[in-house]
Amino acid sequence: MESDELILQSGTYITSFDKRGFVKTSVKPNSVIELKQAIENSSFVKQISGEKKHPLLVDLRNLESISKEARDHYSMRNREPGVTSIALLIDSPIGSVIGNFYMLISKPTVPTKLFTDENNAIKWLLTRSKL
Amino acid sequence: MSGDLQEIYSCLCKATNTNPSPGAINKEAIIGLIDLLSEQKSNDLFIKESYEQRINEILKGVLRLAEFDYSKKIFLSKNKDHFDSLAEGINMLGEELKSSALSLTEKEILLKEIHHRVKNNLQIVSSLLSLQSESCTNVEMDNMLRASVARVKTMALIHEKLYQSKSLSVVNFYDYMEDLIRDVNGSYSRDTAKIKMHLDIDPDYRHLNVDSAIPCGLIINELLSNSYKYAFPNNSNGNIYVRMGLSAENDKNIIIEISDDGVGIPQNIDLRATTTLGLQLVTMLADQIDADLTLERDRGTRYTIEFSIN
Chain A
1 MESDELILQS GTYITSFDKR GFVKTSVKPN SVIELKQAIE NSSFVKQISG EKKHPLLVDL
61 RNLESISKEA RDHYSMRNRE PGVTSIALLI DSPIGSVIGN FYMLISKPTV PTKLFTDENN
121 AIKWLLTRSK L
Chain B
1001 MSGDLQEIYS CLCKATNTNP SPGAINKEAI IGLIDLLSEQ KSNDLFIKES YEQRINEILK
1061 GVLRLAEFDY SKKIFLSKNK DHFDSLAEGI NMLGEELKSS ALSLTEKEIL LKEIHHRVKN
1121 NLQIVSSLLS LQSESCTNVE MDNMLRASVA RVKTMALIHE KLYQSKSLSV VNFYDYMEDL
1181 IRDVNGSYSR DTAKIKMHLD IDPDYRHLNV DSAIPCGLII NELLSNSYKY AFPNNSNGNI
1241 YVRMGLSAEN DKNIIIEISD DGVGIPQNID LRATTTLGLQ LVTMLADQID ADLTLERDRG
1301 TRYTIEFSIN
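From first to last, the protein sequence lines are chains A and B. This note's numbering applies: residue 1 is where the first sequence begins, and numbers increase by one. This note's numbering applies: residue 1001 is where the second sequence begins, and numbers increase by one.
Excised from the complex, chain A in its bound form:
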């Protein structure tokens, strides 16, 4: 069962449950995501989600770079079993490239969309969760 109190922090992510009904995981400033961080993050998202599936907001605005191994980890459906949809929040040209790359190359099996505005991202996630 999800916890609205629990906030899990690693060196590169902060992951929490938003009472509105979604999990939020934010990349910490200037983070370089390698496989180890990606595995840890997937585990935290699963832990926060509990047994239920939830929409997931991924804030990539502070992402510096992400390694091939970490991308492969996310593309191997390690993220998706516990989530119903993914909103990727970006605000830089690099973020846009990484986000688009994930959507085009990794081809997530749950609905996934890029956003530059957090409110729009949340609105979309909550609309999706009602479908």
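Keep in mind that the hints are not guaranteed to be accurate.
To be verified - Below, in silico cross-link-like pairs of lysine to aspartate or glutamate (DMTMM-like), each with a Cα-Cα straight-line distance of 20 Å or less:
{"no.": "1", "chain 1": "B", "residue 1": "K1073", "chain 2": "A", "residue 2": "D91"}
{"no.": "2", "chain 1": "B", "residue 1": "K1048", "chain 2": "B", "residue 2": "D1081"}
{"no.": "3", "chain 1": "B", "residue 1": "K1073", "chain 2": "A", "residue 2": "E118"}
{"no.": "4", "chain 1": "B", "residue 1": "K1072", "chain 2": "A", "residue 2": "E69"}
{"no.": "5", "chain 1": "A", "residue 1": "K28", "chain 2": "A", "residue 2": "D91"}
{"no.": "6", "chain 1": "A", "residue 1": "K130", "chain 2": "A", "residue 2": "E118"}
{"no.": "7", "chain 1": "B", "residue 1": "K1098", "chain 2": "A", "residue 2": "E118"}
{"no.": "8", "chain 1": "B", "residue 1": "K1196", "chain 2": "B", "residue 2": "D1179"}
{"no.": "9", "chain 1": "B", "residue 1": "K1078", "chain 2": "B", "residue 2": "E1057"}
{"no.": "10", "chain 1": "A", "residue 1": "K68", "chain 2": "B", "residue 2": "E1096"}
{"no.": "11", "chain 1": "A", "residue 1": "K68", "chain 2": "B", "residue 2": "E1095"}
{"no.": "12", "chain 1": "B", "residue 1": "K1014", "chain 2": "B", "residue 2": "D1035"}
{"no.": "13", "chain 1": "A", "residue 1": "K52", "chain 2": "A", "residue 2": "D18"}
{"no.": "14", "chain 1": "B", "residue 1": "K1080", "chain 2": "A", "residue 2": "D72"}
{"no.": "15", "chain 1": "B", "residue 1": "K1119", "chain 2": "B", "residue 2": "E1178"}
{"no.": "16", "chain 1": "B", "residue 1": "K1194", "chain 2": "B", "residue 2": "E1113"}
{"no.": "17", "chain 1": "A", "residue 1": "K36", "chain 2": "A", "residue 2": "E64"}
{"no.": "18", "chain 1": "B", "residue 1": "K1194", "chain 2": "B", "residue 2": "E1178"}
{"no.": "19", "chain 1": "B", "residue 1": "K1073", "chain 2": "A", "residue 2": "D18"}
{"no.": "20", "chain 1": "B", "residue 1": "K1252", "chain 2": "B", "residue 2": "E1306"}
{"no.": "21", "chain 1": "B", "residue 1": "K1041", "chain 2": "B", "residue 2": "E1052"}
{"no.": "22", "chain 1": "B", "residue 1": "K1080", "chain 2": "A", "residue 2": "E64"}
{"no.": "23", "chain 1": "A", "residue 1": "K46", "chain 2": "A", "residue 2": "D18"}
{"no.": "24", "chain 1": "A", "residue 1": "K68", "chain 2": "B", "residue 2": "D1069"}
{"no.": "25", "chain 1": "A", "residue 1": "K36", "chain 2": "A", "residue 2": "D72"}
{"no.": "26", "chain 1": "B", "residue 1": "K1107", "chain 2": "B", "residue 2": "E1096"}
{"no.": "27", "chain 1": "B", "residue 1": "K1073", "chain 2": "A", "residue 2": "D117"}
{"no.": "28", "chain 1": "B", "residue 1": "K1073", "chain 2": "B", "residue 2": "E1052"}
{"no.": "29", "chain 1": "B", "residue 1": "K1078", "chain 2": "A", "residue 2": "D91"}
{"no.": "30", "chain 1": "B", "residue 1": "K1060", "chain 2": "B", "residue 2": "D1035"}
{"no.": "31", "chain 1": "A", "residue 1": "K53", "chain 2": "A", "residue 2": "D18"}
{"no.": "32", "chain 1": "B", "residue 1": "K1112", "chain 2": "B", "residue 2": "D1175"}
{"no.": "33", "chain 1": "B", "residue 1": "K1098", "chain 2": "A", "residue 2": "D72"}
{"no.": "34", "chain 1": "A", "residue 1": "K36", "chain 2": "B", "residue 2": "E1052"}
{"no.": "35", "chain 1": "B", "residue 1": "K1078", "chain 2": "A", "residue 2": "E64"}
{"no.": "36", "chain 1": "A", "residue 1": "K107", "chain 2": "B", "residue 2": "E1096"}
{"no.": "37", "chain 1": "A", "residue 1": "K107", "chain 2": "B", "residue 2": "D1081"}
{"no.": "38", "chain 1": "B", "residue 1": "K1098", "chain 2": "A", "residue 2": "E34"}
{"no.": "39", "chain 1": "B", "residue 1": "K1014", "chain 2": "B", "residue 2": "D1044"}
In case anyone wonders, no lab produced these hints; they're calculated from the structure.
Given chain A, work out where chain B should sit, using these hints.
Just chain B, lined up with the frame of chain A:
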């Protein structure tokens, strides 16, 4: 003179994007604007050169990928600008391509190994049949075993050619035919020197994919064997022709012709209603590759197999 100064001052203000001062125009004001203009031009040049350098870096990175060189990545600045995003995208694409290339190489090695093993296993089967044939006292049974050995060898040869080829999916049919003819020659105890073999394969269409190559190889093996066995009785001289090329009437079709100038196949033999295993195999394999099979009996025997390249 003051009118000229005024005009120069206005031009300099416009060029440097500076608001004109309300006061009198003097020498210092003009020199100041000339310095500013010079500095701006120098900055513009620096920015232009910097852009050119980064575009060149990115182009070099793309060219490296085009040459399958994944050893270097494009340098990223700390600006996190559009150049960096483009470079990051190309770097990530390079990583994906490198990974795909590696997995493709692994698959190619595995596929070669499989073809090698299939060939070895077929050779074992062929050797077993040969041994069986040697200990066989019944002539009819012996002939059947020998025919089976030839068929298994024909298939083994395709797998050998496949693991030796670069593409692993197409066979150089000219090389294959040379080996097949040598094998068929060797499997008959008669004086094969009296039979002259003519191989004419169009160099532009000498590659067949594996799906066509195995049935074609087996068909040719049967027809060549028939020519050796029946076309030239009493050890007589003769010619066997194998031709392969594009159809003159349909450039999407390949034609393979196997003919001899021997005694000719008896008129009462109907290709589609024959009881001999060899010719039954020929019609069955021709159907398998959707080929038109025709038989002419003028001056010897001529089989024509026409099938689509695709």
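Verification of the supplied hints:
| no. | hint | verdict |
| --- | --- | --- |
| 1 | B:K1073 to A:D91 | 24 Å, violated |
| 2 | B:K1048 to B:D1081 | 15 Å, holds |
| 3 | B:K1073 to A:E118 | 32 Å, violated |
| 4 | B:K1072 to A:E69 | 17 Å, holds |
| 5 | A:K28 to A:D91 | 14 Å, holds |
| 6 | A:K130 to A:E118 | 19 Å, holds |
| 7 | B:K1098 to A:E118 | 35 Å, violated |
| 8 | B:K1196 to B:D1179 | 15 Å, holds |
| 9 | B:K1078 to B:E1057 | 15 Å, holds |
| 10 | A:K68 to B:E1096 | 8 Å, holds |
| 11 | A:K68 to B:E1095 | 7 Å, holds |
| 12 | B:K1014 to B:D1035 | 14 Å, holds |
| 13 | A:K52 to A:D18 | 14 Å, holds |
| 14 | B:K1080 to A:D72 | 23 Å, violated |
| 15 | B:K1119 to B:E1178 | 18 Å, holds |
| 16 | B:K1194 to B:E1113 | 40 Å, violated |
| 17 | A:K36 to A:E64 | 16 Å, holds |
| 18 | B:K1194 to B:E1178 | 18 Å, holds |
| 19 | B:K1073 to A:D18 | 39 Å, violated |
| 20 | B:K1252 to B:E1306 | 10 Å, holds |
| 21 | B:K1041 to B:E1052 | 16 Å, holds |
| 22 | B:K1080 to A:E64 | 9 Å, holds |
| 23 | A:K46 to A:D18 | 14 Å, holds |
| 24 | A:K68 to B:D1069 | 17 Å, holds |
| 25 | A:K36 to A:D72 | 12 Å, holds |
| 26 | B:K1107 to B:E1096 | 16 Å, holds |
| 27 | B:K1073 to A:D117 | 31 Å, violated |
| 28 | B:K1073 to B:E1052 | 18 Å, holds |
| 29 | B:K1078 to A:D91 | 16 Å, holds |
| 30 | B:K1060 to B:D1035 | 37 Å, violated |
| 31 | A:K53 to A:D18 | 13 Å, holds |
| 32 | B:K1112 to B:D1175 | 18 Å, holds |
| 33 | B:K1098 to A:D72 | 13 Å, holds |
| 34 | A:K36 to B:E1052 | 37 Å, violated |
| 35 | B:K1078 to A:E64 | 10 Å, holds |
| 36 | A:K107 to B:E1096 | 14 Å, holds |
| 37 | A:K107 to B:D1081 | 26 Å, violated |
| 38 | B:K1098 to A:E34 | 18 Å, holds |
| 39 | B:K1014 to B:D1044 | 16 Å, holds |
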